[in-house]
Structures are given as C-alpha cells and as structure tokens.
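Enquirer: Going down the list, the sequences are from chains A and B. Position 123, counted from 1, in the first sequence is what my numbering calls 123; the numbers after and before it change by one each time, with no gaps. Position 146, counted from 1, in the second sequence is what my numbering calls 146; the numbers after and before it change by one each time, with no gaps.
Because the hints were derived from the structure by calculation, they are not lab data. You may find that some hints are simply not true.
[Unchecked claim] Distance windows between CB atoms, simulated: (1) D55(B) x K279(A): 53 to 59 Å; (2) P88(A) x P171(B): 38 to 44 Å; (3) N252(B) x I43(A): 29 to 35 Å.
All values reported here derive from a predicted model rather than from experimental measurement. From the three backbone atoms N, C-alpha and C, an ideal C-beta is built for every residue, glycine too.
Here is what each chain is made of, one letter per residue.
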Amino acid sequence: MINIAGHHRILSHDTINKIATLILWASAVITISFLVYIIGYIIIRGIGVINISFLLDSPRMSGAEGGIFNAIVGTLCLVAIALITAVPIGVGAAIFLIEYATDNPVTRVITFGVECLAGIPSIVIGLFGYAFFVVYLGLGFSILSGGLSLMFMILPWTVRASEEAIKTVSMELKEGSLALGATKWQTIVQIVIPGALPGITTGVILGTGKAIGETAVIMYTAGSSLLLPHSIFDPVRALPYHLYILVSEGISEDMAYGSAVVLLVMILIINLMAIGIQKMCNKRMK
Amino acid sequence: MKNNERIIESFLFLSAITALVIVSMILLFLLKEGGPFLLRTGISDFCLGMNWHPDPVAGEPAYGIFPMIVGSIYIATGSLIFALPLGVSCAVFLVEVAPLWVQSVIRRGIELLVGIPSVVLGFFGLVLLVPLIREYFGGYGFSILAGSIILGIMALPHIISISADAIAAVPNAHKEASYALGATRWHTIWNVTLPSAKSGIIAAVILGMGNSIGETMAVLMVAGNSTVLPEPIIDILDPVMTMTANIVIGMNYATGEYQEALFATGIILFLMIVILNGVSYHMLRSGKIIQ
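One chain only, chain B, in its complex shape (with noise of 0.2 Å):
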C-alpha cells in the first residue's frame, strides 16, 4: 500500500512538473534551430536592421525585424488603448454595480467572447471593418487601426476578468468607510475602489500586452503585412508586420538560413512575452490577487 502510493505521488510530481519540462525544451530547441544564427548576424543588428529580404534571389539578404517589433508594439498598444477604459469599466460595472442576472449574462459573454477562435475574428475584420476603414479613413484598409481593434476586442475579456478580480478584492471596509463618510457610489470608486485595485489593472495592462504581441491568425488577416515601417511613422492608416505574422508567411517556403532567421524572431518574442508576463504575474502575485 505505502509503495503504491509512492509510486502515485511520483507520477503526479511528473505532471506537475510537465508544463515547466515543456517550458525549457521550447526555449531549448528555439536556441538550437535559432540561436547560432542570431549570435552570427548579431543580436542588435537583428533587431535593430531596417530591411528584411530573406530571398537570397533578389540578391544578398537582409535579416532586419525593427519593423516588425515596431509593428507589434502598435498594434498591441492600440488594441490596450482601446480595450482598458472600455475593459476597466465594464470591471466595476460588474462588481459594483450590476444586479445578480446582469452579472451572469455578461461573465457568460465574456466565456464566449474568449472561446471565439481568433481566425474567425480576423475574418471577420477582414470583411468588415477593412472595407469600412478604407472607406471612411482612407489608405488600404488593412492597418494598425484594423488590427488594434480586432486585437482590442480579443484583449477585452481578460482585461475584464483580471480587473474585475482585483476590484472584487479591495476590502469591504475601506468602501464602507467612504460611505458612511457621506460619499457617493461613484466617489467611493473613483476615490477608494480603482486606487486600490490600481495594481491588479496595471498588471491585466501588462498581460494584456503580451497577449497581444503574440496573437497571430487574427493580426495576419487584418493588418496588412508590410515589412517595412509607417510613414510617416504615427500614421495608424499604413500596414504593418508583426512579428508573428513574419513567423507564419515566412514558414509556409523558409529553408536553411531564412528558417533559423524565423526561429530566431520567436527567439525575440518569446523572451518579450516572458518579460511581461512575469512582470504581470509577480504584480498580481504580491497584491495577493492570486495565490
């Protein structure tokens, strides 16, 4: 019997240690298949060159992402500057405010919202608000703009959730206190209740932005691809590239040196997403919003 049980506890320390096992040999094998190439061409050089021409025909190649950092970092923060305030507040409303039925319907929402397959939502940007943005803003409609609000509406769940955990977790105290000192509903939010939770937003932002820098299927569709910058460089009309998109057109015909150059973006992004996530993790971590 006490074996049995040795042997159980050891596969479950097995699957509990699976995940941080696939971890490392994600981060292993992107090193293998990228990493030479990177320390050859140089990591700044990679991520700072201008020009990517990965086609040995059309001439000596280039492996230059800057443009498709810059072309994530866009897209990623446009989606957030659309998604938070929109986010934050359907977060009070949804702790605050909202009756009981309200409160299911819209936590409902929310499930279906993220279970969306984003290939579908890219389509669905594809064919309707490309076409609008071309009619009414001008340019070719693919964009930063398309993309930042398919990716905004992909980031809104977890912005919501996030927030509304963090709200739920400021003490009933501190908001009875503002109440019985004669404040309103709304006082007490926006005095006791978004100043405390501050840092569990801050951390769903943070998060946020990883999420969006590594969405690809939907951001393939909508923003356009062009591999090199905006101009001039605010403009939210012109196309962009992100890096995941560059991984998925490239991996359809890459071979030998263009391959590990793909290999080494996810080198890129991986170590940006990681940054961030455990930056939001520790966040929410410490302001004991989970355990």
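Pulled out of the complex, with its shape left as it was, chain A reads as follows (with noise of 0.2 Å):
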C-alpha cells in the first residue's frame, strides 16, 4: 500500500506517516471510549436505585423488591474460600518454579499445567465443580464447592503474578544473603518475599475482581438460595448470578442495573487498590 503510493507519488511519505499516526491515535480512544461508555451507561442508568436499603435489605419476591444483601454476603464468603486457597498455593507455585526450579522438562509441564488451567472456560470448571464436589464429595450446593471451584478460576492468576514479582527482586539481595550464611528458605522469607510482597498484593487484588465477577463457575456449585448462610455447607446465590436471573427470567430491570452498578464499584474499587499500592511502592523504591 505505501509502495504503491510511493511510487506514484499521490501521497507523500511524510502525510501517510501523519495519517497512520492519526489512526493509531484513533484506535486507542476507540478502546478507551468503549470503556468509558459502557461503565457511563449502566451507572447513570443504575445510579438511582443505589441507596442504603438496597445495599442492606434482604432481597424480597425472588429479587424484586428489596435489596441484595444475601447476594452480596454470597459473593464474599465465595471470594473469601477462594483467596484463602489460591493465596498459599498460588505463591508457593510462584517461589518453586523462580527459586527452586531449572528449566527442564518437569517445569515445563507445571507450566504449562498452568496456562492449562488458565484457558479452561469457566463453565467447564462450573461442570467439574458440580461433578466432583457437589455430587461425588457430597458436599452440595454450598459456599465450599463454589468457593473451591472458583479458587480453580483464579490460581493461574496468582501464579503468574508471583512470579512476575519474585522475577523482579534483585539478585545481589538475595546473593547477599545468601552469602551471609543464610539458609535458602531464610532467604526467601527474610528477603524474596518482603520484595515480591507489592507485586503479588496487586495480582492478588485483580484476581479478587475477577472472581468477584464469575459466573459459570459458581451457578451449578454455590447454588441459588437466597437465604443467608450459617455455615460454609449452605448454598448461596453471588451477586452476579443474582444479576442474571434478574435479567433472564424478566424479574427486575432496575434492580439488575442496580446490582449491576454494584459490581461495577467493587471493580473499580478493587483497580483503584492495585493502583494505590503500585503508586506507593514506586515512591518507597525511589
């Protein structure tokens, strides 16, 4: 195209380059309008449903009056069983393959048990969960199943985020101490961990956002129930599930946007957070 241009001279280089850069701009205001555009359109729609009673009340025929309370306490109790899982086991997986692992074969599986992992849509993980611990482990419908499954969700998440910030500790530090006699583990306690701290909090805290918005995964492990639970063996219904049958089975156009302006705030909530302590951790470097 620019040859052909170039050769008849129709167009000078110097303007193609002008107008490819103006499309380049073009594109990332395209993207970042999208953005703006759809989170702009449900809050302004969903805004004036908000207020107290709503977040507070217990949801009353089905979801149509009242508020989302229960579905709220769902999506935290999930959230919660599924942090409290993939936290330790994301991070150890992180430390195993940076400090402890060579490239060899072995690694390579693990890794890539874990991109694996990644690329599972949701609602393969929903069916797993239903199978293996709805019915096979008798556990039910229940915040366990959900919360177990969901941790299936964001593992890969915190994996890679770990190691992406154990990456980024120096060498000479961890040299260092090592070299004062320090054992591999105290090093990793003492001096790998504190460093990687800021970058695993943040993937930590995305991984919260995404979970916070799945679906698939919890609708046939949490269950729907709009009680609140007593233990983790009761069945609850997260918010966004809550969202969709609103919507699916024609209950209540304004309390879905409602809800919907909910799980919008916890997201940009959460975002806000992980650009707060990437901030502040650039400013402690400095």
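Hints given; two lone chains; assemble the complex.
Expert: Written out as structure tokens, the structure reads:
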C-alpha cells in the first residue's frame, strides 16, 4: 500500500506517516471510549436505585423488591474461600518455579499445567465442580463447593502475578543474604517475599476482581439460595448470578441495573486499590 | 534445619503441581461423566448431528451439537474480526507512539476492561446493543452480530496486551536500522516491526479464539440460543446457541442421559480450547515472547 502510493507520489511518505499516526491515536481513543461508555451507561441508569436499603436489605419476592444484601454476602463468602486457598498455593508454586526449579521438562510441564488451567472455560470448571464437589464428595450446593471451584479459576492468576513479582527481586540482595550464611528458605522468607509483596498483592487484588464477577463457575456449585448462609456448607447466590437471574427471568430491570452498578463499583474500587499499591511502592523504591 | 527445608521444599513442589493435578482431574471427571455417552452415541454422530432434542417427552431424544459448534466458531471468529484490527493498532500505538502518560491511561483502562464481569457486559449488550440491532438491521436483535461485538470487546484487552508484548520484543537495532535508511515511523512499523511481531500476534489471535469459544455468560445473554443453524448459513442477524450456552441452559433441569450429553459437550469444548491454547503457548514460547 505504502509502496504503491510512494511510486505514484499521490501521497508523500510524510503525509502517510501523519495519517497512520492519526489512525493509531484513534484506535486508542475508541478502545478507551468503549470502556467509558459501558461503565457510564450502566452507572447513569442504575445509580438511582442505589441507597442504603438496597445495599442492606434482604431480597423479597425473588429479588423484585427489597435489596441485594444476601447476594453481596454470598459473593464475599465465595471470594474469601477462593482467596484463602489460592494465595498460599499460588505463591508457593511461584517460589518453587522461580527459586527452586531449573528449566527442565518437569517445570515446563508444570507451567503448561498453569497455562492450561488458565484457558479452561469457566463453565467447564463449573461442570467439574458440580460433578466433583457437589455430587462425588457430597458437599452439595455450598459456599465450600463454589469457593473451591472459584479457586481453580484464580489460581493461574495468582501463580503468574507472584512469578512476575518474585522475578523483580534483585539478584544482589539474594546473593548477599546467602553469602551471610542464610539458608535458601531464610533468604526466601526474609528477602524474596518482602521484596515481592507489593507485586503479589497487586496480582491478588486483580484476581479478586476476576473472582467477584465470575458467574458460570458458581452457578451449579454454590447454588442460588437467597437465604443468608450459616456455615460454609450452606448454599448462597452470588451477586453476578443474581443479576443474571433478574435479567433472564424478567424479574426486575431496575434491580438488575442496581446490581450491575454495585458490581462495577466493586471492580473500580479494586482497580484503584491495585493502582494505589503500585504508586506507594514506586515511591518507596525512589 | 535441613529436614525442615526438605518439608518446605516438598510443600512448594506440591503447590506447583496443583494446577496440573486440577487440570487432570477436570479431564478425568468430564470423561467419567460424559465419556460413556460419547462412545455410545459415537463422536462423529454427536459432533456432526444436526438435531438437538434432549427432552424424552417429545419423542426419541436426539443429541447433535453441530449447530452449536458452528455457533461457537461463528461468534469467536466474529469477535476477532472486530477486535483484531482495533487491538493490534492499539498495541502499536501503546508501544511505538503513545507519550508516557497516555500509555499509563491505556494500561489502566485495559486492566479495568478485563475486570468488567461478563454478566455485566452481557446485560449491557441486552439493554443497548440488541434493541439497536433489531431497530437498524432487523431480525430478533439476539444474533451472531450482537454476540460477536460483545465478545470482541471482551477479547480486546487480551489482544492488546499480548500484541504489545510481541511488538516490544522486536529488537531496537532492527527499527533503528530502518530509521537510519530514512524510513518514516509508519514505514518502519509496517515493514519492520509488524512483520517481526507476526508470530506473537498470531498467537494472540489463537488465544483470543480460545477465550471467545469458552466465554459463557455474555454470549448466553445476547446470542439468542437457537439450536438450529442460521438460515441462510451466512446470516449474521440470526440467533445461534454456543456450546457453553447449551451447558448452562441444560444444566438447569437435565438428568440422566441429557446430563451426560452436556458433559460430553464439555469434553468437546475442553479439547478445542486445550488444542488452541497449546498451539498459542508453543508459538509464544518459541517466539521468546514469554519465558
């Protein structure tokens, strides 16, 4: 394209360069406007529904009246179980991959396992959670079944984020610690983990965002009960699933907008927290 | 002390193989629940069958998911046609053109876009996009087109970040040589940078394809969930059902053989995605874009 134009001198190289730069700028502006438009559209239509009683009342009449408190509690319980299990395993896996393992067939298979898990569709993980936790282990629709299935979803995120964070810890610090006679594990606990903590935290926070919005995994593992749970063996309905039911069963569009706003605000807060931590650490580094 | 370290090391090793164990267990349980059904029906009859009548009340049940395989591939391809040009040019912009502050705005934006729950995007598609399509293009509104656009928006951040990594991995010396020969910035991007980043971008496309095929909630809410093929086959305003939507809808009330058929759908889905991801992972590794 460029060559043809160049030979015929219809457009000079300089003009083409300017047009191309303009197109590149436009593509970035379009991408960001999608984001702003989607978030703005939902917030403007849903903000009127939000008030204290919407957030703190239990749903009545399948969610057509009342609030979304029970669904918020459901989401928080599920995410808590997922994080409690995913973080130690994910960080442990990352430490092993970076500090202990060398590049050999075993680690390559391990890394491929992580990549594979990251690619498995959420509904397939949901199917597995249903067959394994709900039916095979007899846990029924419960916070435990849903939370552990959700853990499978965010584990790859945690591993990757922790790997990236651990890689940034400087070699000199580690070698200094080893030279002073510290064992490998002492070095990891006192040098590597503190150094990698900001990166790990940021990754975990973004993973939390992913877990909050996930629906297909928890539909057939956590159940759809609108009652408040008393233990981790009780079923709950998570907020995104509540939103889906409100829409698909035509229960209430207003309530659906309200739930969508709450979900979006949760995600926004989580992203701001991640940005805040990054900023704080950059300052500390300087 | 030495003993403690050994215990810790084995804990770390166990953590590391957890993901692999989970993946194997997922495959095992899918095969346990859906495998016998798949062998009984025959893989080709199941994948190429045109009819899906799982309800035994309405006569002899038929389990053919061909229309859904077509639906999934249609929508995934459509999402890429939409996301690829925009995503790649955004990635080029990010790496080669954008001033620092714009770069950080875009990176934050991408992180946020990844975070938007798919059910919220599906809801957005349902209340805005579907009525728009119905009004301006006709049809039901619930369509391949609506699914492709929504999934395209979801695929954008992934396409951008992988392509950006691929573009950033092009050695500076190549670009500088091009500038030294008097090429403009665009000339250099088009003739040097993009060709060298090609394998990374193709890997991003394959990965995006896998992600889109696996997407569930958003596509369930906007694609219309019709179990027959579009008529004519190229009509992008017709509704389709994807494999993922089939599982979600069916699991609500499926029992017995019907439920086995859904697990069998899961097996096909699993295989398609693992193959696509494996190819993409291999390309990224051999292109030294990831270690």
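Enquirer: Would you mind marking each hint as holding or not holding in the structure?
Expert: Hint check results:
1. Taken as a hint, the range 53 to 59 Å holds for the pair D55(B) and K279(A), whose Cβ atoms sit roughly 57 Å apart.
2. For the pair P88(A) and P171(B), the beta carbons lie near 39 Å from each other, so the given range of 38 to 44 Å is met.
3. For N252(B) and I43(A), the hinted distance range of 29 to 35 Å is satisfied, since their beta carbons lie about 31 Å from each other.
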